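Undergrad: Quick note, the sequences are listed as chains B and E, same order. Reminder that position 28 of the first sequence reads as 27 in numbering that gives the first Met the number 0, one-by-one numbering, no gaps. Reminder that position 19 of the second sequence reads as 18 in numbering that gives the first Met the number 0, one-by-one numbering, no gaps.
Keep in mind that the hints were calculated from the coordinates and are not lab data. Any given hint could be a false lead.
Under the rule of at most 20 Å between Cα atoms (straight-line distance), these lysine-lysine pairs were calculated in the PhoX-like manner [what the hints assert, rightly or not]:
#1 Lys183(B) - Lys224(B)
#2 Lys55(B) - Lys5(B)
#3 Lys224(B) - Lys69(E)
#4 Lys64(E) - Lys224(B)
#5 Lys55(B) - Lys79(B)
#6 Lys199(B) - Lys183(B)
#7 Lys112(B) - Lys64(E)
Small disclaimer: the values here were computed from a predicted structure and weren't measured.
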Amino acid sequence: MLQSTKQIDLLGEAIRTDTMTPADWELLHLMRGSWRVAFIELQATLRQSFESSNYKVTGRLKNYRTIREKLIRSNLRLSKIRDIIGCRIVIPNSLEIQDSVVGQILALHSDGKFRVIDRRVLPNHGYRAVHIELCQGGLISEVQVRTQIQDLWATTSEAFGELVGRGFRYGQGLQLEQFSVHTKLLIQQISTGLDESSKKIGEVGYNLNLPALNEIAGIERQLFKINSLISETDWSL
Amino acid sequence: MSMLVVVKYARREGLLLSIDRYSEEEGPAASSRMSDLEEVNADDNIEIVMLCADSEQTMAITHGKYFSDKAMRNIRAQESLLNTQLN
Numbered sequence: 000m001l002q003s004t005k006q007i008d009l010l011g012e013a014i015r016t017d018t019m020t021p022a023d024w025e026l027l028h029l030m031r032g033s034w035r036v037a038f039i040e041l042q043a044t045l046r047q048s049f050e051s052s053n054y055k056v057t058g059r060l061k062n063y064r065t066i067r068e069k070l071i072r073s074n075l076r077l078s079k080i081r082d083i084i085g086c087r088i089v090i091p092n093s094l095e096i097q098d099s100v101v102g103q104i105l106a107l108h109s110d111g112k113f114r115v116i117d118r119r120v121l122p123n124h125g126y127r128a129v130h131i132e133l134c135q136g137g138l139i140s141e142v143q144v145r146t147q148i149q150d151l152w153a154t155t156s157e158a159f160g161e162l163v164g165r166g167f168r169y170g171q172g173l174q175l176e177q178f179s180v181h182t183k184l185l186i187q188q189i190s191t192g193l194d195e196s197s198k199k200i201g202e203v204g205y206n207l208n209l210p211a212l213n214e215i216a217g218i219e220r221q222l223f224k225i226n227s228l229i230s231e232t233d234w235s236l
Numbered sequence: 000m001s002m003l004v005v006v007k008y009a010r011r012e013g014l015l016l017s018i019d020r021y022s023e024e025e026g027p028a029a030s031s032r033m034s035d036l037e038e039v040n041a042d043d044n045i046e047i048v049m050l051c052a053d054s055e056q057t058m059a060i061t062h063g064k065y066f067s068d069k070a071m072r073n074i075r076a077q078e079s080l081l082n083t084q085l086n
């Protein structure tokens with residue numbers, strides 16, 4: 000990458016304070032070019048590795064608004080944000096497969112630095128998955144490995160966060176001022192349902208026997224119900 | 000080969016406002032589109048995202064919120080109208 004760490008962090012300050020000049024936008028555009036090449040390459044490498052298993056891989060670039068939110072929330076410098084380049088792999092509901100996929104990704108990057116963040120053990124406000132931070136060629140990227148049920152929980156929680164404030168996903172509480180008393184009750188029920196289902200996902204172990212499969216099916220039903228409530232309710236925004 | 004998409008998405012409404020599709024070789028055009036959209040956007044409710052996968056079907060599995068029936072409603076209506084006009 001051509002830009003120095005100092006240049007990148009100065010751009011980060013402009014993003015954090017939302018005071019972008021035309022030159023800052025130009026620099027962000029240039030950096031996005033490097034990020035784009037890197038995320039296509041990472042996605043293609045992972046896709047080829049898991050082609051025979053038919054696990055689906057998508058890369059995504061963090062955008063201006065989400066970079067800004069992260070800079071404000073975390074106090075990190077732009078050069079230290081690890082998930083500007085990201086890939087997500089969604090796999091079947093098996094912790095054993097999840098471990099194996101993580102192991103294969105680490106083997107692919109044995110020549111670079113990496114860090115595994117196991118959010119199954121330490122969930123982030125209910126969010127469970129395994130994240131792998133990879134550092135290669137001066138670029139940091141993040142691979143999210145989610146089972147289908149972990150992904151369903153995450154996307155449901157994200158949709159809920161859009162209604163009650165994205166800070167909800169990071170433990171900042173619910174923004175309920177604009178809602179009626181009835182809607183507030185509904186929101187509390189959804190919040191409780193998300194908490195319960197996250198705990199249940201955490202209780203599903205490695206042994207996928209019939210009771211465990213039934214438990215997963217029950218969690219899926221609960222999350223589908225929450226999703227329906229989120230998308231079909233008139234939130235009067 | 001990979002494909003790229005740049006999506007413009009209304010968060011609270013859960014609606015896709017636009018989707019632009021690019022081949023891997025058209026990557027610079029995808030970056031320019033994302034920059035153009037971001038530079039003029041002052042609305043925190045609008046999310047502009049670049050995704051990359053082997054197909055849109057894969058993106059729908061891993062990033063379903065942008066490709067659900069509800070999210071795609073407007074886009075499908077626009078595409079259907081365009082097809083009707085072309086035929």
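Undergrad: All the hints need checking, so say for each whether the structure fits it.
TA: Structure-based check of each hint:
no.	hint	in the structure
1	Lys183(B) - Lys224(B)	holds (18 Å)
2	Lys55(B) - Lys5(B)	violated (37 Å)
3	Lys224(B) - Lys69(E)	holds (16 Å)
4	Lys64(E) - Lys224(B)	holds (16 Å)
5	Lys55(B) - Lys79(B)	violated (28 Å)
6	Lys199(B) - Lys183(B)	violated (24 Å)
7	Lys112(B) - Lys64(E)	violated (32 Å)
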